[in-house]
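**Q** So the protein lines, in turn, are chains A and B. Sequential numbering of the first sequence, starting at 1, is according to our numbering. Sequential numbering of the second sequence, starting at 1, is according to our numbering.
Honestly, the hints are just simulated from the structure, not real lab data. Owing to the predicted nature of the structure, the values given are computational and were not obtained by experimental measurement. Every residue, glycine too, gets a C-beta built ideally from N, C-alpha and C. Check before you lean on any hint, since a few could be wrong.
To be verified - DEER-style ranges, computed between Cβ atoms:
id: 1; chain 1: B; residue 1: Y99; chain 2: A; residue 2: V51; range: 16 to 24 angstroms
id: 2; chain 1: B; residue 1: E32; chain 2: A; residue 2: G43; range: 32 to 40 angstroms
id: 3; chain 1: A; residue 1: G32; chain 2: B; residue 2: E57; range: 34 to 42 angstroms
id: 4; chain 1: B; residue 1: D43; chain 2: A; residue 2: Q26; range: 16 to 24 angstroms
id: 5; chain 1: B; residue 1: R86; chain 2: A; residue 2: G43; range: 33 to 41 angstroms
id: 6; chain 1: B; residue 1: G30; chain 2: A; residue 2: R58; range: 17 to 25 angstroms
id: 7; chain 1: B; residue 1: E32; chain 2: A; residue 2: R58; range: 32 to 40 angstroms
id: 8; chain 1: A; residue 1: W34; chain 2: B; residue 2: G85; range: 36 to 44 angstroms
id: 9; chain 1: A; residue 1: Q26; chain 2: B; residue 2: P22; range: 32 to 40 angstroms
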Amino acid sequence: MLLAFRFALASERVSGTAIEANEFPQLSQELGVWAVPRVVVDGEPRWDGAVPEPEFLRRVLA
Amino acid sequence: MPFLRAEEETKVREWFAELERPVELLVALGPEETPRAGSGDVDFGAEMVRVCEALAELGEGVTCRVEQEPAGFPRFPAVSIRPDGRDAGVRYDGLPWGYELGSLVGAIVEAGREEPTLRPDSLAALEQLDRDLALEVFVTPT
Chain A
1 MLLAFRFALA
11 SERVSGTAIE
21 ANEFPQLSQE
31 LGVWAVPRVV
41 VDGEPRWDGA
51 VPEPEFLRRV
61 LA
Chain B
1 MPFLRAEEET
11 KVREWFAELE
21 RPVELLVALG
31 PEETPRAGSG
41 DVDFGAEMVR
51 VCEALAELGE
61 GVTCRVEQEP
71 AGFPRFPAVS
81 IRPDGRDAGV
91 RYDGLPWGYE
101 LGSLVGAIVE
111 AGREEPTLRP
121 DSLAALEQLD
131 RDLALEVFVT
141 PT
């Protein structure tokens, strides 16, 4: 989670939001959240699980 | 009821004492979605205020402000973590409890740094961004 926050703090182009899945079940269902952390980029579900910073960078820019 | 153990509170006070710039927590309250079964009778908005106000008491550089349905918040409750009171696009939607309280504390610590803590190659890549990028991470308290 912190990586998304750190990316947002490093660039005005980036926003980073944590969403508590249990409190927003409708949105979680729409995005197929069955495992956490689930990372969504520009509204598109991309992957589940924590990854190191270089891999996080590669995936969010892919 | 305290929301941090004594040793945790001591650690958070130490981290907040080292903030290089003020951090504002803007708590946004409004209509809430019905949470998943098992969440009990928790008043998420009231708990969000309690947690953020309690965190603000742990460091002079941390402040807390509460607004009803401010612009730019799609879900409630939520908290925007703002370095120097500026919207930097860092937000937590829902109550950060349990394990996730650490994410909110970490966000405050990161927002309180003058310089980004990312690797140089990450910073270089972000400098080249020619579009906005919205990162959302779904989490749970455990």
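**Q** All the hints need checking, so say for each whether the structure fits it.
**A** Each hint tested on the structure:
no.	hint	verdict
1	Y99(B) to V51(A): 16 to 24 angstroms	18 angstroms, holds
2	E32(B) to G43(A): 32 to 40 angstroms	22 angstroms, violated
3	G32(A) to E57(B): 34 to 42 angstroms	39 angstroms, holds
4	D43(B) to Q26(A): 16 to 24 angstroms	20 angstroms, holds
5	R86(B) to G43(A): 33 to 41 angstroms	25 angstroms, violated
6	G30(B) to R58(A): 17 to 25 angstroms	37 angstroms, violated
7	E32(B) to R58(A): 32 to 40 angstroms	36 angstroms, holds
8	W34(A) to G85(B): 36 to 44 angstroms	37 angstroms, holds
9	Q26(A) to P22(B): 32 to 40 angstroms	35 angstroms, holds
The earlier numbered hints that this structure contradicts are 2, 5, 6.
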